[in-house]
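**Q** One line per chain: the protein sequences are A and B, in this order.
Take the first sequence: its position 312, counting from 1, is numbered 312 in our numbering, and each next residue is one higher.
Each number in our numbering corresponds to the 1-based position in the second sequence with 1000 added.
Honestly, the hints are just simulated from the structure, not real lab data.
Where a beta carbon is used, it is the ideal one built from N, C-alpha and C, also for glycine.
You may find that some hints are simply not true.
[As the list claims (entries may be wrong)] Computed Cβ-Cβ distance ranges for the label pairs, DEER-style: (1) B:1228 with A:417: 54 to 62 Å; (2) A:354 with B:1037: 43 to 51 Å; (3) B:1066 with A:402: 21 to 29 Å.
[Stated by the list, open to error] Here are the simulated lysine-lysine pairs, DSBU-like style, with alpha carbons at most 35 Å apart: (4) A:467 with A:408; (5) A:65 with A:195; (6) B:1127 with A:422; (7) B:1122 with A:451; (8) A:422 with B:1025; (9) A:395 with A:408; (10) B:1065 with B:1122; (11) A:466 with A:377; (12) B:1127 with A:467; (13) A:466 with A:422; (14) B:1129 with B:1108; (15) A:354 with A:451; (16) A:395 with B:1108; (17) B:1108 with A:422; (18) A:408 with A:262; (19) A:467 with A:377; (20) A:451 with B:1108; (21) A:143 with A:65; (22) A:466 with A:262; (23) B:1122 with A:467; (24) A:467 with A:164; (25) B:1065 with A:451; (26) A:466 with B:1014; (27) A:343 with A:65; (28) A:422 with A:343; (29) B:1014 with B:1122; (30) B:1108 with A:466; (31) A:262 with A:143; (32) A:451 with B:1129; (33) B:1025 with A:467; (34) A:422 with A:65; (35) A:395 with B:1127; (36) A:467 with B:1014; (37) A:354 with A:343; (38) A:466 with B:1122; (39) A:408 with A:466; (40) B:1129 with A:466.
Here is how the chains run, residue by residue.
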Amino acid sequence: MATQPEVQAALSRRYDAGFVTDIETHSLPPGLDEDTIRALSALKEEPEWMTEWRLAAYRHWLTMKHPNWAHVKLGPIDFQAISYYSAPKNKPKSLDEVDPKLLETYDKLGVPLHERAKLAGVAVDAVFDSVSVANTAREQLAKVGVIFCSMSEAVREHGGLVRKYLGSVVPQGDNFFAALNSAVFSDGSFVFIPKGVRCPMELSTYFRINAGHTGQFERTLIIAEEDSVVSYLEGCTAPMRDDNQLHAAVVELVALERASIKYSTVQNWYPGDENGKGGIYNFVTKRGECRGDDSRITWTQVETGSAITWKYPSCVLRGDRSVGEFHSVALTHHYQQADTGTKMIHIGRDTKSKIVSKGISAGRSQNSYRGLVKVEKGAANARNHTRCDSILIGKQCGSHTFPYMEIKNPTAIVEHEATTSKISDDQMFYCRSRGISEEDAVSLIVDGFCKQVFRELPMEFAVEAKKLLEVSLEGAIG
Amino acid sequence: MLTIHNLHARIAGKEILKGLSLEVKPGEVHAIMGPNGAGKSTLGNVLAGRPGYEVTQGSVLFDGKNLLELEPEARAAAGLFLAFQYPVEIPGVNNTYFLRAALNAQRKARGEQELDSMQFLKLVREKVKEMGMTPELLNRAVNEGFSGGEKKRNEVFQMALLEPRLAVLDETDSGLDIDALKRVAAGVNSLRSPQRAFLVITHYQRLLDYIVPDFVHVLADGRIVESGDAQLARELEAHGYAWVRERTPVEASA
Ligand SMILES: Nc1ncnc2c1ncn2[C@@H]1O[C@H](COP(=O)(O)OP(=O)(O)OP(=O)(O)O)[C@@H](O)[C@H]1O
Ligand SMILES: [Mg+2]
Chain A
1 MATQPEVQAA
11 LSRRYDAGFV
21 TDIETHSLPP
31 GLDEDTIRAL
41 SALKEEPEWM
51 TEWRLAAYRH
61 WLTMKHPNWA
71 HVKLGPIDFQ
81 AISYYSAPKN
91 KPKSLDEVDP
101 KLLETYDKLG
111 VPLHERAKLA
121 GVAVDAVFDS
131 VSVANTAREQ
141 LAKVGVIFCS
151 MSEAVREHGG
161 LVRKYLGSVV
171 PQGDNFFAAL
181 NSAVFSDGSF
191 VFIPKGVRCP
201 MELSTYFRIN
211 AGHTGQFERT
221 LIIAEEDSVV
231 SYLEGCTAPM
241 RDDNQLHAAV
251 VELVALERAS
261 IKYSTVQNWY
271 PGDENGKGGI
281 YNFVTKRGEC
291 RGDDSRITWT
301 QVETGSAITW
311 KYPSCVLRGD
321 RSVGEFHSVA
331 LTHHYQQADT
341 GTKMIHIGRD
351 TKSKIVSKGI
361 SAGRSQNSYR
371 GLVKVEKGAA
381 NARNHTRCDS
391 ILIGKQCGSH
401 TFPYMEIKNP
411 TAIVEHEATT
421 SKISDDQMFY
431 CRSRGISEED
441 AVSLIVDGFC
451 KQVFRELPME
461 FAVEAKKLLE
471 VSLEGAIG
Chain B
1001 MLTIHNLHAR
1011 IAGKEILKGL
1021 SLEVKPGEVH
1031 AIMGPNGAGK
1041 STLGNVLAGR
1051 PGYEVTQGSV
1061 LFDGKNLLEL
1071 EPEARAAAGL
1081 FLAFQYPVEI
1091 PGVNNTYFLR
1101 AALNAQRKAR
1111 GEQELDSMQF
1121 LKLVREKVKE
1131 MGMTPELLNR
1141 AVNEGFSGGE
1151 KKRNEVFQMA
1161 LLEPRLAVLD
1171 ETDSGLDIDA
1181 LKRVAAGVNS
1191 LRSPQRAFLV
1201 ITHYQRLLDY
1211 IVPDFVHVLA
1221 DGRIVESGDA
1231 QLARELEAHG
1241 YAWVRERTPV
1251 EASA
């Protein structure tokens, strides 16, 4: 039957978020040394300890080698060719002062800051290139003691908290990109939920890379004190450019006793064109620590973008009976390479983890799942259940599964299931014979495939994620 | 409504339909019977536009339009429906959601207003009652884990909801228990109307006791070799296909 090549041919996608905003920026010249870091820190009016912390990270980074363990092809990155700071020139103080062009940008991305701000239930922080440009609903949050602000502001205003927790989950020297991030991080979001507070709304941050030759190094820190609950969503896009852009973020989550953090990502970085030119290099260290007993951290991610993705959101289950979950949909197309997965580190007793990974590969892309389940000696009765499903669209793409296990406690039960399937010609024809176009049929089938993960996303974002997959699969068939 | 003239079709280089002609008028029910491998499903697939089939000769007009040059989804929107001999599973896709996507895609293609979820659910509820459908099946993924009979009933339910002008039922009766068979037949009968026509492919006279056809055709070796009324089906039941072969010696294929 003839459709498989058709399926293949059409995965030619349009990148909707690929426009460049023409806005005056203030950038540091490309290059990286201790002076760059001092200049950056000074620009951000940071306290001395912060500058020193960055420098220590930088010195550590100099001793490290670029990693090459991931299942990705990658040319050398020239770290001296990147500009480590880019900010809109007129930094706004409130939403009313935000450059209308910027607001337009977020409108185009479907993140109308003004309206979202009014929408009860969601607070938005928007990060444009290196800085946070708008943060809504903060007064409302302040009433219950929730702090939701840009990282730069947190460093200045909540130095004590930042100093206590920053690097406590992802140490400065954790890995090559985390060290780089620790040295040069520009902005990001800071969230603090005090004891016993259930955050009254979804918190979300939108990251946007606009300037060319800029690296984006956000740092996000979320702290949930005892018995608190928070749900946080990050969204990301970038313009289409021929050169590759670097994104090396660090996200740290800390959950104290009985706290629950749900962290969802809808990532739509520019993946490069159908010839593999351009796109974002996405190297992210995301780690959550269930520090307190009975705490819970859930990562949910929908990834459709970037040329190369390398990320493994992980959970350190330190508290007894703590629970870590990872739900992921990763779609790759054209020449995209994704190497994602998770690490679940069981340290406490009776800890549980659950992993659901759905990989969708099309074009000539390579989609790898890499997961580590580690059960330490003291983690009696640890449980893990892992399920990895892949679906292939066409014949030139690949999907790979690399499950690793390190079990040091004999009472642990670790289960792994994996399946690979493809969209069959029969399914396609069945849908079409009912009047559904090829493209809609592909998104329908893919949507069905991802159901289990979409269910985990906050309602509003589930719709967004679905739309994103649809756009990403545009031209998948034809 | 449907005019098939001297249709020749191949799959994988092998000629299956070898000069098939058939005329179906609105309001008529045509039964198609014939031995295994004769090309009955092939006919349904060619009509619905399944990729992989190559039409080498002949024509198919549907409401005066050249059906063969339409994409499968356009054929559906034009009012053609094929109930599959082997319905396909689509894991994770909610059955009701699928139906709505299908109906709205067709309506959109026809320039009609799409139904919102309230309107759609109302329609579904009506059809569930009419067709004696198990509501539980609608909340599950399309055909996933359905029993053979449930799949067939789901096909008929889809047909009821999509209200095609011409429905091709490919062995919808096989795998059904007696009660389900009666229900499916009642459903089809309730959809019979002067505007709508059916091509019912079946191996069994039993179905035709419930859905009484206006015409019965025997398809053998890629052609209609015998046509008659409901009585023909009864004779086939009694004598088998050898009997047809004796009456109409098959000429050497062109
Ligand atoms: N993809 C294919 N490649 C080769 N031959 C095929 C293919 N599909 C169908 N055929 C052949 O075409 C012929 C007609 O098949 P078809 O399914 O139309 O028969 P049928 O009349 O529906 O039979 P049944 O009563 O068993 O359902 C069979 O000989 C079958 O093997
Ligand atoms: Mg058949």
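**Q** Please go over all the hints and tell whether each is borne out by the structure.
**A** Outcome of the hint check:
{"no.": "1", "hint": "B:1228 with A:417: 54 to 62 Å", "verdict": "holds, 56 Å"}
{"no.": "2", "hint": "A:354 with B:1037: 43 to 51 Å", "verdict": "holds, 49 Å"}
{"no.": "3", "hint": "B:1066 with A:402: 21 to 29 Å", "verdict": "violated, 52 Å"}
{"no.": "4", "hint": "A:467 with A:408", "verdict": "violated, 43 Å"}
{"no.": "5", "hint": "A:65 with A:195", "verdict": "violated, 41 Å"}
{"no.": "6", "hint": "B:1127 with A:422", "verdict": "holds, 33 Å"}
{"no.": "7", "hint": "B:1122 with A:451", "verdict": "holds, 25 Å"}
{"no.": "8", "hint": "A:422 with B:1025", "verdict": "violated, 40 Å"}
{"no.": "9", "hint": "A:395 with A:408", "verdict": "violated, 40 Å"}
{"no.": "10", "hint": "B:1065 with B:1122", "verdict": "holds, 33 Å"}
{"no.": "11", "hint": "A:466 with A:377", "verdict": "violated, 41 Å"}
{"no.": "12", "hint": "B:1127 with A:467", "verdict": "holds, 30 Å"}
{"no.": "13", "hint": "A:466 with A:422", "verdict": "holds, 19 Å"}
{"no.": "14", "hint": "B:1129 with B:1108", "verdict": "holds, 26 Å"}
{"no.": "15", "hint": "A:354 with A:451", "verdict": "holds, 16 Å"}
{"no.": "16", "hint": "A:395 with B:1108", "verdict": "holds, 33 Å"}
{"no.": "17", "hint": "B:1108 with A:422", "verdict": "holds, 29 Å"}
{"no.": "18", "hint": "A:408 with A:262", "verdict": "holds, 28 Å"}
{"no.": "19", "hint": "A:467 with A:377", "verdict": "violated, 44 Å"}
{"no.": "20", "hint": "A:451 with B:1108", "verdict": "holds, 26 Å"}
{"no.": "21", "hint": "A:143 with A:65", "verdict": "violated, 46 Å"}
{"no.": "22", "hint": "A:466 with A:262", "verdict": "holds, 19 Å"}
{"no.": "23", "hint": "B:1122 with A:467", "verdict": "holds, 26 Å"}
{"no.": "24", "hint": "A:467 with A:164", "verdict": "violated, 39 Å"}
{"no.": "25", "hint": "B:1065 with A:451", "verdict": "violated, 40 Å"}
{"no.": "26", "hint": "A:466 with B:1014", "verdict": "violated, 42 Å"}
{"no.": "27", "hint": "A:343 with A:65", "verdict": "holds, 22 Å"}
{"no.": "28", "hint": "A:422 with A:343", "verdict": "holds, 27 Å"}
{"no.": "29", "hint": "B:1014 with B:1122", "verdict": "violated, 47 Å"}
{"no.": "30", "hint": "B:1108 with A:466", "verdict": "holds, 21 Å"}
{"no.": "31", "hint": "A:262 with A:143", "verdict": "holds, 22 Å"}
{"no.": "32", "hint": "A:451 with B:1129", "verdict": "holds, 29 Å"}
{"no.": "33", "hint": "B:1025 with A:467", "verdict": "violated, 43 Å"}
{"no.": "34", "hint": "A:422 with A:65", "verdict": "violated, 38 Å"}
{"no.": "35", "hint": "A:395 with B:1127", "verdict": "violated, 41 Å"}
{"no.": "36", "hint": "A:467 with B:1014", "verdict": "violated, 42 Å"}
{"no.": "37", "hint": "A:354 with A:343", "verdict": "holds, 11 Å"}
{"no.": "38", "hint": "A:466 with B:1122", "verdict": "holds, 26 Å"}
{"no.": "39", "hint": "A:408 with A:466", "verdict": "violated, 40 Å"}
{"no.": "40", "hint": "B:1129 with A:466", "verdict": "holds, 32 Å"}
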